[in-house]
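Asker: Chain by chain, the residues run as shown.
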Amino acid sequence: MSDVANLPETYLRMVSREYMRHRLHRLSLHAIMSLALLALVADFVACDRPILLSFRGTLYLLPNLVDPPALRAYDNQRLADEMNPSDWAVFPPVPWGYNSHDLEAVLAPPSAQHWLGTDSGGRDVLARVVHGSRVSLAVGVLSVAVLVSIGMFIGSIAAYFGGVLDLLLMRFLEIVHAVPTILVLVTMLALIMPTGWHSVVAMMVVIGLVRWTDVARLVRGEILRIRTMPYVEAARALGAGHARILLRHILPNALAPVLVAATFAMASAILLEGALSFLGFGIPEDMASWGGMLNDVRGHTGAWWLAVFPGAAIFFTVTVYNLAGEGLRDAIDPRLRA
Amino acid sequence: MSFGARASSLWVLALVAAVGCTHGKAHVDKGQPSPGTVPAAVAVVPAGATAADSDWVAGSLPAVAQQGKPVSGGEMIVGMRTDPPSLNSAVDNDQVAVWMTHHRVYQSLVRLDPFDEPNYRVVPELAERWEISDDKKTYTFHLRQGVKWHDGSPFSARDVIATYDKVMDPTTRAVHLRSLLDELASYSAPDDHTVVFKWKRPYFLALDSLVDISIQPAQVIAGLTGTQYNEAATNPLNRHPVGTGPFKFVAWESSQKIVLARNDDYWGQKPYLDRLVFRIQTDPTVMLQLAERGEIDMVDLVTSEQWVHMDSPVLRSKWNRSKLYPAIYAWIGWNETRPYFADKRVRRALTLLIDRPGIIGKMMYGLPKPTNCHFYWASAACDQSMQPLPYDPVAAQRLLDEAGWKDSNGDGVRDKAGVELKFVFMLPVAGVETARWAAKLKEDFAHAGIEMQLQSVEWAAFSKRLTEHSFDACTLLWGGGPRDEPTQIWHSSGIKGGSNVISYRNAEVDKLLEDARSMFDDDARNAMYRRIGAILQDEQPYTFMYVRPELSLLSKRIKGARASLIWWQFESMWVDPSWNTTK
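Going down the list, the protein sequences come from chains A and B.
Going left to right, the first sequence walks through residues 1177 to 1514 as the numbering used here numbers them.
Going left to right, the second sequence walks through residues 12 to 594 as the numbering used here numbers them.
Treat the hints as calculated values from the structure; they're not laboratory data.
Glycine residues also receive a C-beta, built at the ideal position from the N, C-alpha and C atoms.
Honestly, I wouldn't trust all of these hints.
[Claimed, not checked] Straight-line Cα separation of at most 25 Å, SDA-like style, residue types lysine to any residue; simulated pairs:
| hint | chain 1 | residue 1 | chain 2 | residue 2 |
| --- | --- | --- | --- | --- |
| 1 | B | K453 | A | R1474 |
| 2 | B | K453 | A | Q1253 |
| 3 | B | K453 | A | R1189 |
| 4 | B | K417 | A | L1241 |
| 5 | B | K453 | A | L1341 |
[Said to hold, decoys possible] Partial list, computed: chain A residues near chain B (C-beta under 7 Å):
| hint | residue |
| --- | --- |
| 6 | H1206 |
| 7 | I1208 |
| 8 | S1210 |
| 9 | S1262 |
| 10 | G1297 |
| 11 | G1339 |
| 12 | G1456 |
| 13 | E1461 |
| 14 | D1462 |
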């Protein structure tokens, strides 16, 4: 970073400088961004429809995204078979959707046609790993958003107001903390019985509703410390209300450790989704989820590619989130600062 | 008859099957085919099998692996996947307990002849003979004399009455057996060797309904209250059965093994085996390793994958493999209260859109067998000449167009009168195999302009939604046995509280079912059932999917095994002393 003269660094800039000092942390941040990008463009990487298609005199723009009714009966294979010489198409690099069944290649090992092999339904593992990143990302991000909001709310009012409220909220927190997440999730999902993307949303919300306790504890601890700071007293002396003091003066200063916890929570939410889908309670079979893909290995122990690729995807994602969390923790820790 | 209770026991069976632990019955195998003893049907190589699979026995019973002259002695070890909750199958409706005790330790008044494929007629067991009154309502059973309980005391009509008292006692947990006897009006013992059963109405399965009830000794159970009878603490039979059968109970080490020994005082043909040991091993992989090491003689539940990849030369040289197609089938039900499934053309189109040859052949190793019949597939109740509907997406789309389901609003999904052809397919959570082909259906349906979502539902919720008819489409397995009386499933009276979960109504089917129920002439009744089969084929209220085989391994050391729907009959098996385990 070039000099911004002698101006004191902002906190944010300082933290990001500290974070970027380590190669591993830098790489993990890039990996997270790449994963997010992959989730965004999954339909361009692997899809059972072309990206651009001129077919029988009609030009279809992005049929992979808009799913035109006229092409409902077609997939890449059938289009390629039925195209006239004057037709043309831009196919995605992986010409398979996440629920395209190639019955000619059931449980096929990696090959030129299916780069990472196929599962027991003849579905392309690569296409499913790519699309599975969406589920993982969605589950991670949204459940963490829910749990951070709840955790911050409960943690901050408990610490700020203290007394009986604090006592009650903390006992409540202990109760919630003692509830086994998987059990709650299985029960809730059995009650809601969602389909398709609804099950992802349901799962995210339920994970958020159960897993906020760590964040709440952390926030409470931070605020107990900050509450007695002279600048809080000064704000109070100036006549600021509770909301203003909490939101403007206290919370921003308690945010850094929450960010660290959120990163770790993201990794654990992804693992949890994997575990649930592995057990068959999570994402339905017609969608792609890494945990659900692993479920397939149970009946087909010989098919190593079914274990290795989704397993590696989970491992990689959880690792980079954990590394990023670790980097963030080190970066905001003044004792480690050079 | 109360349909609810019977229905729930059917579903339990179905669930067990879905999890992959089912197995009602038996099968056998055959090493070197010895000319003359192998019925022609056995030689048929199943579709999808290669020449190397010559040791497979197709679903066609009965293969007699009877090589040589039987000799007494030796021990046979059978690998079982679960430990039973108790050994009293009147208290715990557990298949494993039934397999271990029924017709081994305990006996019934009558039984199904296990080797009478495919009819499995009722034959005498503890009742030597019986008379049926002209109105078909009174059955007089003459009990076998000179039969002794394993503890030495004599068997008499008192034991039969004590057993049926416990089964009918509403405070015992024998609900699953009571539901079989809904039509029973009374039972009595005029003397020590005669019992009389009276039925409310003539019912062709009256004898069959006695087959599952093991007679227990009155001196143990007569003094117990219903609650005492249920609990192992007060009912010694729950952990230590005492029966009249060919095998005596010896010991039960929980989660380890259950040991039976030959009953040397048995009234009938005594078993050749000295001891019969059921070894409990929950992990299928470990089970196969035990088999490879020669520590067990029979593996009763082999997974499809284990079956297909059984390349180990050890297994090949020492084991016979058997494959038996049971009386259990997988089906998809289309809820007829939904506007889109009310039209039979739509239901036919959906069946035509299901690539059953592809699903069975490519996704299930070619092991299941396509079916289109509700009854035991080999029985005379099924019309063997009727072919399942083919996979024909073009014809399917034509039918849908014809029925008026066209994409009129251009959203890619067919619709009619403002209703979109969109539905949710409900599956039980444990059905991994089912979920796999269901995802394939989703893709194929989408190509035909039908939108289907999958929904895996945990078992309790699944069965609740079935009875409440709150689903669009669902899939499950039904299991019936060699003879079945399907009123609860197909009669319109089964819609409320029965197993007619899809609300199927057909006046002719109703009538046929009512008539068949009291029809004692097998040929006439089976003709009625075949007529029902033809109607179901035409209307497609279900898409009949397949019958999945039960796969087992039997050591070549064990001889005399015969295939049967009624599970293995250990009485006829013997250990070949010349078989060298080290070779």
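Asker: With reference to the structure, classify each hint as holding or not holding.
Answerer: Hint check results:
no.	hint	in the structure
1	B/K453 x A/R1474	holds, 23 Å
2	B/K453 x A/Q1253	holds, 18 Å
3	B/K453 x A/R1189	violated, 50 Å
4	B/K417 x A/L1241	holds, 23 Å
5	B/K453 x A/L1341	violated, 52 Å
6	H1206	violated, 34 Å
7	I1208	violated, 30 Å
8	S1210	violated, 28 Å
9	S1262	violated, 24 Å
10	G1297	holds, 5 Å
11	G1339	violated, 43 Å
12	G1456	holds, 5 Å
13	E1461	holds, 4 Å
14	D1462	holds, 5 Å
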